[in-house]
Amino acid sequence: MLSKKIGRKGNLLSVWWFLVLAVIGAGMIAGTSIFYASDIDIRVLQSEIITNKVVDCLINNGQVNPSVFSEDFNFFDTCDLNRNLIENSGFFYIKLSISGVNSKNLVFGNRAFEEDCLFASQLNAKAYPLCTQKKISSSYLGEKVNIEMTTGSNYKFVKK
Amino acid sequence: MKNFIKNKKGDEIISKQLIFLILNLIFLLAIMFFIVRASTGAAVLEETSAKTVAILIDSMKPGTEANFSLTKLYDFAEKNRYSGQVISIDSNTNTIHIQVLGSGGYNFQFLSSSKSFSYYVDKSQENQEVLVLKKV
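In order, the protein sequences belong to chains A and B.
If you're matching positions, the first sequence starts at 1 in our numbering and goes up one per residue.
If you're matching positions, the second sequence starts at 1 in our numbering and goes up one per residue.
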């Protein structure tokens, strides 16, 4: 009687067990493959790098660079940025507003990011760009100047 | 003592449990092997290296020099019998290309102007390849 009970309840090597293992294995393989196939997201880093580069080129020793306000100010050469990538790729956005004793507004890249950056800051939206906003107070000719910057990146990779 | 173990119902249960445990172990080892292979594969290595170099180029201040070890990339390429160029930087398109297998590779563009830096691969030390970046 005991042996019959063991035969019914103690069968460890049943077909159902193999099926469960197969399902678990398939799930783990699929999950791992999806995880490692996804992009490593460095968009926040990129937008911060753009912000830091622009701040470094605009401000020297706490003073705004005077060449910023000149008509022939070459933003990309001065700030060491690739014009073609930022303006034409559609993956980047830079908005710069200088106000105070002198003012200047510059916008480069994908203008649609202006609203997209707002959405991305309020929602968890993976397809939207990741943006950095910075407000800096500096001086120009002894007067206070406020600089507001918004930079965004939605750059993934370039297919071969 | 031998009669105590032989011809008992526990004899059958122990062998089934043993087989069950061994099969479970084989399954777990197979899954772990797959996960390790996936995490150290070419695709992940190429992507992380390309993005790291791009971030390095963009973060460097003028007048600075940075070294990035390519030994892992070259070792991987050698293990997979790839003798082509592992890393190349196209100054026209500002693109870093890293490849460790015969096909594929990973491209990534950096933000800085290509005129602002120079680079070369230092292979002077044995079994060590280093990418040297100099920001002008």
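Among these hints, one or two may not hold up.
With a Cα cut of at most 25 Å, we get these calculated PhoX-like pairs of lysine-lysine [claimed, not checked]:
1) B:K61 with A:K135
2) A:K134 with B:K134
3) B:K115 with B:K135
4) A:K156 with B:K72
5) A:K144 with A:K95
6) B:K123 with B:K79
7) B:K134 with B:K123
8) A:K156 with A:K104
9) A:K95 with B:K134
10) A:K126 with A:K104
11) A:K95 with A:K126
12) B:K16 with A:K156
13) B:K123 with B:K72
14) A:K156 with A:K126
Footprint (simulated), chain A over chain B, 3 or more residues, beta carbon under 8 Å [stated by the list, open to error]:
15) 26-37
16) 51-61
17) 65-71
18) 124-133
Ranges of calculated distance between the beta carbons of each label pair, as one might list FRET restraints [to be verified]:
19) A:W16 with B:A30: 39 to 47 Å
20) A:K135 with B:V36: 43 to 51 Å
21) B:A30 with A:F119: 18 to 26 Å
22) A:E114 with B:N80: 42 to 50 Å
23) A:G62 with B:T64: 17 to 25 Å
24) B:G102 with A:I29: 22 to 30 Å
25) A:A125 with B:L23: 38 to 46 Å
26) B:D122 with A:G62: 33 to 41 Å
To be clear, the hints were calculated from the coordinates, so they are not data collected in a lab.
In this text, a Cβ means the ideal position worked out from N, Cα and C, and glycines have one as well.
| message | Hinted pair, alpha-carbon criterion (25 Å max): K115 of chain B, K135 of chain B. Please report holds or violated. | response | The hint holds at about 9 Å.
| field | Proposed proximity, K72 of chain B with K156 of chain A (alpha carbon, max 25 Å) | value | Holds, because 24 Å separates the two Cα atoms, which is no more than 25 Å.
| That 39 to 47 Å hint for W16 of chain A and A30 of chain B (C-beta), does it hold up? | Violated - the Cβ-Cβ distance for W16 of chain A and A30 of chain B, about 20 Å, lies outside 39 to 47 Å.
| said: Please check whether the region 51-61 of chain B has three or more residues whose CB lies within less than 8 Å of a CB on chain A. | reply: Contact hint for the region 51-61 of chain B vs chain A: holds, 5 residues under 8 Å.
| message | Holds or violated: K16 of chain B and K156 of chain A, Cα atoms, limit 25 Å. | response | violated (52 Å)
| task | Just tell me: holds or violated, for the beta carbon distance of D122 of chain B and G62 of chain A against 33 to 41 Å? | result | holds (39 Å)
| Proposed proximity, K135 of chain A with K61 of chain B (alpha carbon, max 25 Å) | Holds - the C-alpha atoms of K135 of chain A and K61 of chain B are around 22 Å apart, at most 25 Å.
| query | Are the Cα atoms of K144 of chain A and K95 of chain A separated by 25 Å or less? | reply | holds (20 Å)
| Between A125 of chain A and L23 of chain B, does the C-beta distance stay in 38 to 46 Å? | holds (45 Å)
| task | Would you check the hint for K134 of chain B and K123 of chain B, treating anything up to 25 Å between C-alpha atoms as holding? | result | holds (17 Å)
| query | K95 of chain A and K126 of chain A: Cα distance at most 25 Å? | reply | holds (22 Å)
| Satisfaction of hint between K104 of chain A and K156 of chain A, Cα-Cα up to 25 Å | Cα-Cα ~31 Å, so violated.
Checked against the numbered hints above, the structure violates hints 2, 8, 9, 10, 12, 17, 18, 19, 21; every other hint is satisfied.
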